[in-house]
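Peer 1: So the chains spell out like this:
Number of protein chains: 2
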Amino acid sequence: MSHHDTSRTAGLIGLDWGTTSLRAYRMDAAGRVLETRQRPWGIMRLPQVSEGLASPGAGFELAFTETCGDWLDAAPNLPVIACGMVGSAQGWKEAAYLDVPLPLTQIGTRLTVIERQGPTWRTPVHVVPGLIQRQGLPNVMRGEETQVLGAVAGLGETWTEGELLVGLPGTHSKWVSVNLGSAPGHAGQGGLEDPAAQGNEGNQGGNGASVSRFETFMTGEVYAALREHTILGRTMSAAPTPPDWAAFERGLHVADEPEGAAGPLSTMFSTRTLGLTGALPPTAQGDYLSGLLIGHEVAALAGLLRARAARSPQSARPRILLCGEPDLCHRYTLALQRHGLPEPARAEHATERGLWRLALAAGLVQAAPAHTTP
Amino acid sequence: MSHHDTSRTAGLIGLDWGTTSLRAYRMDAAGRVLETRQRPWGIMRLPQVSEGLASPGAGFELAFTETCGDWLDAAPNLPVIACGMVGSAQGWKEAAYLDVPLPLTQIGTRLTVIERQGPTWRTPVHVVPGLIQRQGLPNVMRGEETQVLGAVAGLGETWTEGELLVGLPGTHSKWVSVNLGSAPGHAGQGGLEDPAAQGNEGNQGGNGASVSRFETFMTGEVYAALREHTILGRTMSAAPTPPDWAAFERGLHVADEPEGAAGPLSTMFSTRTLGLTGALPPTAQGDYLSGLLIGHEVAALAGLLRARAARSPQSARPRILLCGEPDLCHRYTLALQRHGLPEPARAEHATERGLWRLALAAGLVQAAPAHTTP
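Respectively, the protein sequence lines represent chains A and B.
Yeah, the first sequence ends on 374 if you go by UniProt numbering, and it's all consecutive.
Yeah, the second sequence ends on 374 if you go by UniProt numbering, and it's all consecutive.
For the record, the hints were derived by calculation from the structure and aren't laboratory data.
Note that CB positions come from ideal geometry on N, CA and C, so glycine has one too.
Some hints could be false.
[Stated by the list, open to error] Not everything, but these chain A residues come out facing chain B in the computed CB check (under 8 Å):
| no. | residue |
| --- | --- |
| 1 | L137 |
| 2 | N139 |
| 3 | V140 |
| 4 | E215 |
| 5 | E228 |
| 6 | S270 |
| 7 | P318 |
All chains should be modelled from the sequences, with the hints used to inform the complete structure.
Peer 2: Next comes the structure, spelled out in structure tokens:
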């Protein structure tokens, strides 16, 4: 594989700033990640600021400079882009919600700028807008739009048209329907090569893609709340490593018909009763409950897909791309399999690729010149 | 209406001892409730015992004597019967689970005795067994069996045969299918009169009834966990009094088709998004979420009933009896209505009536002689 040798100087700081954690990427001028840092300073867990300094944004400023200060020391004019709940009403500064359907690259033209009052660097932070779907029950995302863009860009030329369903499991899992539209790449960019290894500079994938709609399931947060704050947690021991996959699959099985017909509000109680009858040891109960909830989520998703296919019979079964923690993606892969849905592909490095793409679209960084094939 | 004038001397102490509270009834020799006390000492919230006295049952003993000590001072040989989680593995002493299907009165023949070490009274406490259903996913109850017995006994001669569905909304709501079997009363007992006013002495209802199966939904506990421990609670203000019924009905509506098809793990997120879009004020969000969850529960119940009717077409649509807090019963009545289920009747005083019935079946108290009609 060949690409021009972009110098390893930094080109962008990308922040993935959610509710419970902050992840920072330092990238070079071609979008390659040079360094990644993770801090526990999600927007609900900011570091404590001494009282005299407690201006509205002080906690955010402190978290940001503690995480990225030395990067800015080395390159004070480095542009900064951030996605996630940092742009919510409870965040550093509220960024817009853009309405779907929406072409993905349009997101990068609507960044919200935070002018910073830092003592040494005044680099502004550019916050990525979220997406909102107003048709039917309203639905929102913040952060996932960036992952979707990165996941689609990472496809290269493997999938170039038709419908794609991007699954983003997590605290709130999202299932995002993407219309790939026109071909995402052109000859010579090596779309099938490992996109992480080649950097982001050449791959123009995703430029024609648009988000058509999305669903949210609060599965991850419900799992945690059930585990920590209901009777189900009382008989459960800590989740084993590696996970108890047999217990997980048993949960998937129960969430399916016929037992699953009573729905998650009912089947979840079996986590306790199977324990009481000696049929499910405490170490297995967490993964069983995980299987139950993920099983109900994917059963509902499969039902929605069937209903849509019935409404528009010409629509093809969408291909599926999963984007998230490997353990969680494996859980969802098993659930998709049980419901006869297509084997999902796995998106890697979607967030950092998405941040780079949005910085490109916003003009914060420049696309490297197209490289030549040997 | 006529009945013999049973003297108002106490005949039984009945305890309804659950996870979060203890309710005690002092009854006369005919089963009429003379006094009711409620204490916050559920089995997970027992009063603190000073360290030297911390024997395994000390917290239970303290809660019991603090609540009922003066009743026992006045009548040291008063029999005591208790139902609920006090008989669980985390309770005062573990009582059996009896397998369903089961004739209701059989429950009273299987009480577990707690021999007490009290300094002045040594009256034992008789603990009611729970029920277990082992077919399919296991299911258990503790306390509701007593309410079901009391609710059925309270029917008098209004309903004497066929199938009855007893709904017990609460932290964990139960839906109990009861086969009424033979006629519950006989001439002269005034089954249509107010059973609470007439006492329990004459009404023999429920003797032929048996529990055939039951379902559990963790709706109440899930509601509390979502409200207190997830992002949904962040935008929600305290539940208004009276409830916001319009918001509740809106939740019921959403839990129905077509939006409800994504299931509760998905629709619950709309509590937040409708708030974000200004379509649901903070004061309305709690009742909206309540409507969503109860709506999903009753939708699932309706589905189970349809599936059973399809399997055995000769079975009649069951009549429904609700037993619980008036506000909660009203919520479930609205949900049943929306799903085209029969208008439920309301059971009153079911717990105390059930405790008395079980004490009778156990021989702890004596049935008063049948009274004569004028």
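Peer 1: Against each hint, give a clear statement of whether it holds in the structure.
Peer 2: Now the hints, each set against the structure:
Taken as an interface hint, L137 (chain A) checks out: its beta carbon lies about 4 Å from the nearest beta carbon of chain B, inside 8 Å. Interface restraint check: N139 (chain A) against chain B, minimum CB-CB distance 6 Å, threshold 8 Å, status holds. At about 5 Å, the closest approach between the beta carbon of V140 (chain A) and any beta carbon in chain B falls short of 8 Å, and the interface hint on this residue holds. The interface hint given for E215 (chain A) is met, as the beta carbon of that residue sits about 6 Å from the closest beta carbon of chain B, less than 8 Å.
Interface restraint check for E228 (chain A): the shortest CB-CB distance to chain B comes to about 7 Å, inside 8 Å, so the restraint holds. With 8 Å as the threshold, the beta carbon of S270 (chain A) comes within range of chain B, its nearest partner Cβ sitting at about 4 Å, so the hint holds. Checking P318 (chain A) against chain B by beta carbon gives a least distance of about 17 Å; that is not within 8 Å, so the hint is violated.
The structure shown violates just one earlier hint, number 7.
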